[in-house]
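J.: Given the coordinates of chain P, assemble chains S, Z and R onto it according to the supplied hints.
Residue-level listing of the chains:
4 protein chains.
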Amino acid sequence: MKDFYVDAKFRVRYAETDAMRIVHHSSYIVWFEEGRSEFLRKIGMPYSKIEESGYFFSVVEVRAQYKHPAVYDEEVIVRTRLVEVKTRKVIFYYEVLIASDGKLLSRGKSIHVSVDRDNRVVTIPEEYRNFWLQFVSEVGADF
Amino acid sequence: MKDFYVDAKFRVRYAETDAMRIVHHSSYIVWFEEGRSEFLRKIGMPYSKIEESGYFFSVVEVRAQYKHPAVYDEEVIVRTRLVEVKTRKVIFYYEVLIASDGKLLSRGKSIHVSVDRDNRVVTIPEEYRNFWLQFVSEVGADF
Amino acid sequence: MKDFYVDAKFRVRYAETDAMRIVHHSSYIVWFEEGRSEFLRKIGMPYSKIEESGYFFSVVEVRAQYKHPAVYDEEVIVRTRLVEVKTRKVIFYYEVLIASDGKLLSRGKSIHVSVDRDNRVVTIPEEYRNFWLQFVSEVGADF
Amino acid sequence: MKDFYVDAKFRVRYAETDAMRIVHHSSYIVWFEEGRSEFLRKIGMPYSKIEESGYFFSVVEVRAQYKHPAVYDEEVIVRTRLVEVKTRKVIFYYEVLIASDGKLLSRGKSIHVSVDRDNRVVTIPEEYRNFWLQFVSEVGADF
Numbered sequence: 001m002k003d004f005y006v007d008a009k010f011r012v013r014y015a016e017t018d019a020m021r022i023v024h025h026s027s028y029i030v031w032f033e034e035g036r037s038e039f040l041r042k043i044g045m046p047y048s049k050i051e052e053s054g055y056f057f058s059v060v061e062v063r064a065q066y067k068h069p070a071v072y073d074e075e076v077i078v079r080t081r082l083v084e085v086k087t088r089k090v091i092f093y094y095e096v097l098i099a100s101d102g103k104l105l106s107r108g109k110s111i112h113v114s115v116d117r118d119n120r121v122v123t124i125p126e127e128y129r130n131f132w133l134q135f136v137s138e139v140g141a142d143f
Numbered sequence: 144m145k146d147f148y149v150d151a152k153f154r155v156r157y158a159e160t161d162a163m164r165i166v167h168h169s170s171y172i173v174w175f176e177e178g179r180s181e182f183l184r185k186i187g188m189p190y191s192k193i194e195e196s197g198y199f200f201s202v203v204e205v206r207a208q209y210k211h212p213a214v215y216d217e218e219v220i221v222r223t224r225l226v227e228v229k230t231r232k233v234i235f236y237y238e239v240l241i242a243s244d245g246k247l248l249s250r251g252k253s254i255h256v257s258v259d260r261d262n263r264v265v266t267i268p269e270e271y272r273n274f275w276l277q278f279v280s281e282v283g284a285d286f
Numbered sequence: 287m288k289d290f291y292v293d294a295k296f297r298v299r300y301a302e303t304d305a306m307r308i309v310h311h312s313s314y315i316v317w318f319e320e321g322r323s324e325f326l327r328k329i330g331m332p333y334s335k336i337e338e339s340g341y342f343f344s345v346v347e348v349r350a351q352y353k354h355p356a357v358y359d360e361e362v363i364v365r366t367r368l369v370e371v372k373t374r375k376v377i378f379y380y381e382v383l384i385a386s387d388g389k390l391l392s393r394g395k396s397i398h399v400s401v402d403r404d405n406r407v408v409t410i411p412e413e414y415r416n417f418w419l420q421f422v423s424e425v426g427a428d429f
Numbered sequence: 430m431k432d433f434y435v436d437a438k439f440r441v442r443y444a445e446t447d448a449m450r451i452v453h454h455s456s457y458i459v460w461f462e463e464g465r466s467e468f469l470r471k472i473g474m475p476y477s478k479i480e481e482s483g484y485f486f487s488v489v490e491v492r493a494q495y496k497h498p499a500v501y502d503e504e505v506i507v508r509t510r511l512v513e514v515k516t517r518k519v520i521f522y523y524e525v526l527i528a529s530d531g532k533l534l535s536r537g538k539s540i541h542v543s544v545d546r547d548n549r550v551v552t553i554p555e556e557y558r559n560f561w562l563q564f565v566s567e568v569g570a571d572f
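Here the protein sequences line up with chains P, S, Z and R, keeping their order. For the first sequence, the working numbering assigns the number 1 to the initial residue and increments by one for each residue that follows. For the second sequence, the working numbering assigns the number 144 to the initial residue and increments by one for each residue that follows. For the third sequence, the working numbering assigns the number 287 to the initial residue and increments by one for each residue that follows. For the fourth sequence, the working numbering assigns the number 430 to the initial residue and increments by one for each residue that follows.
Just so you know, the hints here were simulated from the structure itself, not pulled from any lab data. Incorrect hints may have been included.
Claimed, not checked - Derived pair list, reagent style SDA-like, types lysine to any residue, alpha-carbon separation capped at 20 Å:
1. 49/P to 471/R
2. 389/Z to 355/Z
3. 471/R to 13/P
4. 295/Z to 385/Z
So that you can see chain P by itself, here it is in the shape it has in the complex (with noise of 0.2 Å):
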């Protein structure tokens, strides 16, 4: 099965925590961004530079599901996976884990459209479906 991933490995920040003192359940859903951003990095195309090229990834729908709870200052990996790339639609998969033993704390899933700077949606240019199709993966696909 195809895979490729990238993992974004951090500490969490005292602010992330709740009043139940584990990491409040938003928190996932800014580490899954961070997972992204960390994504496409790597691959050699920041974010940062798609919204020069005036792309933006609209954020249509998200995901998550919660299997165990983080605490502060535990090191925690996002594994990011790239599972679709349509003429206007990519879809982002996501996995959290502590980092010492792996441990699977929640899996996440999001879904963007290409829109312009005045939020319309665009096709994506030919140019980036084809570099970003090069590391889409299978594993994650069926969440």
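T.: Frame of chain P; chains S, Z and R shown alone:
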């Protein structure tokens, strides 16, 4: 079709916007939670009281769809419905609307399991469950 | 002593708490901004309108003192005063209080310079300055 | 002049930006905390261990000055120094720099008192104090 909902109304904070000049998608997850808090307050069983009694709603899944962006200072409504109450699980459904014209910005859903102080899944006390069952809606149940 | 203030009232969100089970200190900075927004709205010149006219309040300094913690679900008031209006600078002063008994949780201050769309410091238009000068308070000016 | 500091390096997250397309000023407060966490980790006494022993650094004051804005994806450094250790109080000083050229974005300071689990001010254990005193800097002490 049976329906009951609670509205929470507030304005978009500047800190909730991002470099696209619109509300960041993770802010909606926080708003859903605020909608849930308001729902529980309005039916007379604030979440803070539930926590005091030793029960917690651990989030096991969250999902959001984004239809239209919101900008700083706009007044929004989070409309919350309780759509399922099981022995160990409750499901909430959310709509985020522009307060002035009712335009739908986002829809969401969150699935919770009942846990104790040590984060162990426990059965929801029958009196809680029976109380909540009065407020269950059929609208949004298919999201 | 000349005094004028605007109150913004809302409840503590769960996402604003941290692992100490109290509101994270960075949340107060966001609340100060919400107080400032409400102040400008109430005097009839919402910040969104100021931005539309091409002026921005760039934050150059912020300061907060923390007296007592707040917890989830508590209703708090952010009491905002405008304490200085200069050619290129405005200063706001904030108090965060428990809504029910007026207990002081935090005091804060923010200093802003007027900038244009390209983040260059510019003189505040005289009509804005004269309008704001009516609402300047002496209370809090020494913070 | 005695000096010791610890650097934490990371990239600006998209969620940390605001509608001015720059990092929101409240994000720096979270970054200071991350700098503080890294400082304590590096000197061999992570804050998570301090908390486990029953002591907490309650924030009683925080101050930030903003010199230049940061944008999404930029790599920044939070340079943290411990500038005061008293019987019940510690003070940290922070500089946020652009990683590539050392440009100063922000300076900050946080004052903490030592509290126990019930948020009561307590004396910092002498062994902790003596350990920390080795790492106190004179640079930044006048901020």
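J.: Within a Cα-Cα threshold of 20 Å, do residue 295/Z and residue 385/Z meet the stated pairing?
T.: 7 Å, holds
J.: What's the verdict on residue 49/P and residue 471/R, does the C-alpha distance respect the 20 Å limit or exceed it?
T.: 34 Å, violated
J.: Given the hint that residue 471/R pairs with residue 13/P, does the C-alpha gap stay at or below 20 Å?
T.: OK: residue 471/R and residue 13/P at ~16 Å, within 20 Å.
J.: Below or equal to 20 Å on CA atoms is what counts here, so check residue 389/Z against residue 355/Z.
T.: 10 Å, holds
In the structure shown, a violation is registered for the earlier hint numbered 1 alone.
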